[in-house]
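Q: Sequence:
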Amino acid sequence: NPSLKKKVVFTGFVDNMPQVYAATDILVSSSARESFGLALAEASASGIPVVSTNIGGQSLIIQDGKTGFLIPPRKPQILAKKVLLLAKNQQMRQRFGQNGRKKVFVKFRLKNYIEKVQKTYLELVKKR
1 NPSLKKKVVF TGFVDNMPQV YAATDILVSS SARESFGLAL AEASASGIPV VSTNIGGQSL
61 IIQDGKTGFL IPPRKPQILA KKVLLLAKNQ QMRQRFGQNG RKKVFVKFRL KNYIEKVQKT
121 YLELVKKR
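Here my numbering is used: the first residue of the sequence shown is 1, the next is one more, and so on.
The hints are simulated quantities; they were obtained by calculation from the structure and are not laboratory data.
This one's a predicted model, so the numbers in the text were calculated from it and none came from an experiment.
A virtual CB, placed ideally from N, CA and C, is assigned to each residue, including glycine.
Do not take every clue at face value.
[To be verified] Now the in silico label distances, taken between C-beta atoms and shown as ranges:
hint, residue 1, residue 2, range
1, Gln94, Gln118, 32 to 42 angstroms
2, Lys119, Ser30, 34 to 44 angstroms
3, Val125, Lys88, 48 to 58 angstroms
4, Arg128, Gln90, 55 to 65 angstroms
[To be verified] Cross-link-like lysine-lysine pairs, in silico, DSSO-like; alpha carbons within 30 angstroms at most:
hint, residue 1, residue 2
5, Lys102, Lys66
6, Lys81, Lys6
7, Lys111, Lys127
8, Lys66, Lys7
9, Lys102, Lys81
10, Lys126, Lys116
11, Lys66, Lys116
12, Lys81, Lys7
13, Lys88, Lys7
14, Lys81, Lys66
15, Lys7, Lys103
16, Lys6, Lys88
Please construct the entire structure, taking both the sequences and the accompanying hints into account.
A: Okay, here's the thing in structure tokens:
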């Protein structure tokens with residue numbers, strides 16, 4: 001479809017992700033298997049709404065209906081419907097992007113992880 005070629009870019013491997021995120025309106029992840037979606041977290045931190053399959057750690061990053069959409073794996077019709085919904089609704093994209101950015105910066109703060117690791121070590125030391 002010629003009109004689709006004007007709006008979708010398949011790049012292959014890319015190593016300049018900040019520039020890619022700056023040019024992105026919606027991140028779509030249709031993975032059937034995933035552990036933690038680093039690209040989803042990076043996109044959210046960049047204020048980009050995400051449509052992703054609900055597998056692995058995706059639900060730790062994406063809050064369905066608030067920062068993006070989580071869909072069942074191997075359901076391309078649902079994925080397409082959610083992508084089109086976001087594509088046609090700029091206000092929703094902006095709201096989801098803002099919500100996602102806030103969530104990532106609160107949930108994935110380095111300070112929080114340091115405190116969790118420290119707490120775990122202290123609990124282990126007490127048990128000895």
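Q: Hint by hint, say whether it matches the structure.
A: Going down the list of hints, with the structure as the test:
Taken as a hint, the range 32 to 42 angstroms holds for the pair Gln94 and Gln118, whose Cβ atoms sit roughly 37 angstroms apart. Look at Lys119 against Ser30: about 37 angstroms separates their beta carbons, and that is inside 34 to 44 angstroms. Between Val125 and Lys88, the C-beta spacing of about 55 angstroms keeps the proposed range 48 to 58 angstroms intact. At about 57 angstroms, the beta-carbon gap between Arg128 and Gln90 stays in the expected band of 55 to 65 angstroms.
With a C-alpha separation of about 11 angstroms, the suggested pair Lys102 and Lys66 falls inside the 30 angstroms cut-off, and the hint holds. As the CA atoms of Lys81 and Lys6 are separated by approximately 20 angstroms, the hinted pair is consistent with the 30 angstroms bound. As the CA atoms of Lys111 and Lys127 are separated by approximately 25 angstroms, the hinted pair is consistent with the 30 angstroms bound. A distance of roughly 25 angstroms separates the Cα atoms of Lys66 and Lys7; the hinted pair therefore holds under the 30 angstroms criterion.
A hinted pair counts as satisfied when its Cα atoms are at most 30 angstroms apart, and Lys102 with Lys81 qualifies at roughly 25 angstroms. Our distance criterion of 30 angstroms between C-alpha atoms is met by Lys126 and Lys116, whose separation comes to about 15 angstroms. Only pairs whose Cα atoms come within 30 angstroms are accepted, and Lys66 paired with Lys116 is accepted, the gap being roughly 26 angstroms. Taken as a hint, the Lys81 and Lys7 pair is honoured in the structure, with Cα atoms around 17 angstroms apart against an allowance of 30 angstroms.
Only pairs whose Cα atoms come within 30 angstroms are accepted, and Lys88 paired with Lys7 is accepted, the gap being roughly 13 angstroms. Using a Cα cut-off of 30 angstroms, the hinted pair Lys81 and Lys66 holds, with the two alpha carbons roughly 16 angstroms apart. This hinted pair checks out: Lys7 and Lys103 have alpha carbons roughly 28 angstroms apart, not beyond 30 angstroms. The hinted pair formed by Lys6 and Lys88 meets the criterion: a straight-line CA distance of about 16 angstroms does not exceed 30 angstroms.
No hint from the list above goes unmet by this structure.
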